[in-house]
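*Asks:* Throw the hints in and build the complete structure from the sequences for me.
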Amino acid sequence: MPRQRRARLGARGLALVEDSPLRWADPRAKLALSLCASLAVMLPLKQLAVFMAAFAGLLLWARLLPEAARQVWRLKWILLALFLLDWLLVSLDLAVIITLRLALLAGAFSLFFASTMPGELRLALEWLRLPYRYAFSLSLAFQSLELLGDEWRAILEAQQARGAWTPPTGWRNLSGRLRDLVSLTVPAITLAAKRAWSMTEAAYARGFDSPHRQPYRRLAWRPLDTWLLIGSVAAMAALLIWRYTTAWNG
Amino acid sequence: MSIALRAEGLSYAYPQQGLGLAATDFAAAAGETWVVTGPSGCGKSTLARCLAGLIPHLYRGQMGGRVWVGDLRTDQAELWQLAERVGLVFQNPALQCLASTVEEELAFGLENLGLPRAEIASRIATGLERFGLAELAGRAPHTLSGGEQQRLMLAAALAREPGALVLDEPLSMLDSAAATQFVADVAALAAQGATVVVCEHRDAYFHGGAVRRYAMPGRWSPADLPHPPPLPLTAEAEVLIQGLALGHGERRLFANLDLRLRGGEVVALVGRNGVGKTTLLRALAGLHPHGGRIAAADGARPELGLMFQNPDWQIFNPTVRDEMRYRLASPDEALYAWALQALGLGAYEQTPPLLLSEGEKKRLALAILLMRRPRHGVLLDEPTLGQDDGHRAIMGGAARALAGAGYVVIAATHDLDWASRYADRLILLGRGRVLDDGPTAEVLGHPAAWREAGLVVPPWLRA
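From first to last, the protein sequence lines are chains W and A. Quick note on my numbering: the first sequence kicks off at 38 and runs consecutively. Quick note on my numbering: the second sequence kicks off at 119 and runs consecutively.
For the record, the hints were derived by calculation from the structure and aren't laboratory data. Model, not experiment: these values are computed from the prediction. Be aware that one or more of the hints could be misleading.
Residues from chain W that keep clear of chain A, each with C-beta distances beyond 10 Å, as calculated [as the list claims (entries may be wrong)]:
#1 Ser75
#2 Leu129
#3 Met236
Quick list of simulated restraints, FRET-style, between CB atoms [unchecked claim]:
#4 Gly256/A <-> Met79/W: 37 to 43 Å
#5 Glu196/A <-> Ala229/W: 40 to 46 Å
#6 Pro133/A <-> Ala178/W: 21 to 27 Å
#7 Trp124/W <-> Glu196/A: 55 to 61 Å
#8 Arg166/W <-> Arg549/A: 35 to 41 Å
#9 Gly392/A <-> Leu126/W: 49 to 55 Å
#10 Gln360/A <-> Pro252/W: 53 to 59 Å
#11 Gln194/A <-> His249/W: 18 to 24 Å
#12 Leu446/A <-> Ala229/W: 24 to 30 Å
#13 Ala271/W <-> Ser240/A: 40 to 46 Å
#14 Gln360/A <-> Leu167/W: 56 to 62 Å
#15 Ala229/W <-> Gly556/A: 42 to 48 Å
#16 Ala229/W <-> Arg369/A: 26 to 32 Å
Note that beta-carbon positions come from the ideal geometry of N, C-alpha and C, so glycine has one too.
*Replies:* Structure representation (structure tokens):
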């Protein structure tokens, strides 16, 4: 697979895959595609596995498979915990299907977020009739997630350097571990609040509350978007038919 | 069209911190350039926010007096109306970025003016060209250097063509070359007739007959410096760096760096933003992987405490006392008393650290690392960022005291005034190597090396 270009951040701080064929698709079409793919969580196990294989093929074509895999990998501990809990408390079948569903949801929305800039997300949200002030705040929050991640790593290092945080080793000294957590979360909250306030001031200093706002960028619907939408709706319909004509195994 | 800014009997008290600005009268006539100076906490930033109308619109404290932006009274006009007339640029450009590309950053303020798309495109192109940002148009603002980010913020404010511009500590994060360039940009703007008000500690960068000065009340005096007892620690430290290779992923910062750092001297590490000063300090502190060798005189890994650039990364305890003694089974009481006194923190022992000023937080960060008794020395990352003369003098005095006790003291800084006053030795970094190394006054007198480093020695520091 050719090396992917990740020059900027997409929405939600994911690496933006610049050379994906979906990069320049309309965000509304991509959102529809992601939502339709996420409906597959309703499928029974066998059909879900088939769908996931097909969806992985789509991600591969869109050059988004490595990024989606990275996002699923980030959830590995949650997935593992869910799997073990369901297996121990209910059954192996349920453990597998719940784990696959969560992985599918992460992958489905990676498709949108790894190919969409925060500004495009804002335009899509505005098109969905979300007031500008909320659409802007949401896109800014998504954009800031990566920065918050960097800040968290800096806090971790700074507290480790002064001995206020030690990497976890086993379950001993739980109270010490909780204190360690305070040493990380207090600075993180303080800095996040500072950043949020600074951004608020910067936005208002450039006329954020103006009633005369005119967007510079506009969404442009292209033939590819129509095909994506048709494909998404058809897939959703097929999924629903498949779901209700198949015995429920989940 | 330039606009006059006027404050009459202006005062402001913050809801929690109390008095932010004592009664002040200030007037900048249309087309004038003013530099507002004064110690930390005197209210420069509060004045800037009042002149732009953020106070009282976004703040819930008590404002007294009146402020006019042209013919608009700030407490009666809408904030967006004021923002159309006054541009405001803050201290930390990284915290002002609102968009995911440089181009969108410029577009944000223009969209809010309700301009037609063609006009927005034209102003973006002009702004990118004028501030040398055209090649960066598609880049994410947070990936730019500090100097580029601050230029972007100036471009974003000016693209809206405000009648007045208020700048709050715009130079504090910039190296000497970026600061000189920024001041030249502002001077060009003033020459075109804009009203400019700059609140700045590094006010020497703004000079020339057309610049007027307004000194806020409160003045630091050398008599205010603490007079601590001798440091209750001694060392005979030395650190050797041999063949050091350092970088971030595929990006190589230093390939084969050799340095000998002796105890007893304050060393200033100077270089452009992004040259690798912080990474070098992190490698010395054992926090960044590297090739080559870093060793103390006995061949062991040196124990060097790192004072991080942002003190907020470490602060979480309820009082200064708790913060300094956190996780220390038997704190050194003599050292604790010395640190409180030498770093000017004695009056704040029971104060929540989050309520300290930025300069005080920096000194608390130094106190925290000293309490852990690093064996060989301390590493200070931008110890004077955004601080006034008094805070810088206290930090300088502490650095000298530590060096006097035999410790290795290394400060990565772009504050050349501070380095010229307190550093015995200056190491100039650039192009992945040491460009010059020697006594501070001597290195400051080598213009060729500074040119190669892409930096400028301000005229008042030239030999």
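*Asks:* With reference to the structure, classify each hint as holding or not holding.
*Replies:* Against the structure, the hints:
1. Ser75: holds, 25 Å
2. Leu129: The claim holds: Leu129/W sits with its nearest Cβ about 41 Å from chain A, beyond 10 Å.
3. Met236: violated, 6 Å
4. Gly256/A <-> Met79/W: 37 to 43 Å: holds, 40 Å
5. Glu196/A <-> Ala229/W: 40 to 46 Å: This hint is violated: roughly 29 Å between Cβ atoms.
6. Pro133/A <-> Ala178/W: 21 to 27 Å: Roughly 25 Å apart at Cβ, these two residues keep to the hinted range, so it holds.
7. Trp124/W <-> Glu196/A: 55 to 61 Å: holds, 60 Å
8. Arg166/W <-> Arg549/A: 35 to 41 Å: With a Cβ separation near 54 Å, Arg166/W and Arg549/A fall outside 35 to 41 Å, so the hint is violated.
9. Gly392/A <-> Leu126/W: 49 to 55 Å: holds, 53 Å
10. Gln360/A <-> Pro252/W: 53 to 59 Å: With Cβ atoms ~57 Å apart, the hint holds.
11. Gln194/A <-> His249/W: 18 to 24 Å: holds, 19 Å
12. Leu446/A <-> Ala229/W: 24 to 30 Å: Taking Cβ atoms as reference, Leu446/A and Ala229/W lie about 29 Å apart, which means the hint holds.
13. Ala271/W <-> Ser240/A: 40 to 46 Å: Because 44 Å falls inside the window, the suggested range holds.
14. Gln360/A <-> Leu167/W: 56 to 62 Å: Holds: the Cβ-Cβ distance is about 59 Å, inside 56 to 62 Å.
15. Ala229/W <-> Gly556/A: 42 to 48 Å: At roughly 44 Å between Cβ atoms, Gly556/A and Ala229/W fall inside 42 to 48 Å, so the hint holds.
16. Ala229/W <-> Arg369/A: 26 to 32 Å: holds, 28 Å
The structure does not agree with the numbered hints 3, 5, 8 stated previously, though it agrees with the rest.
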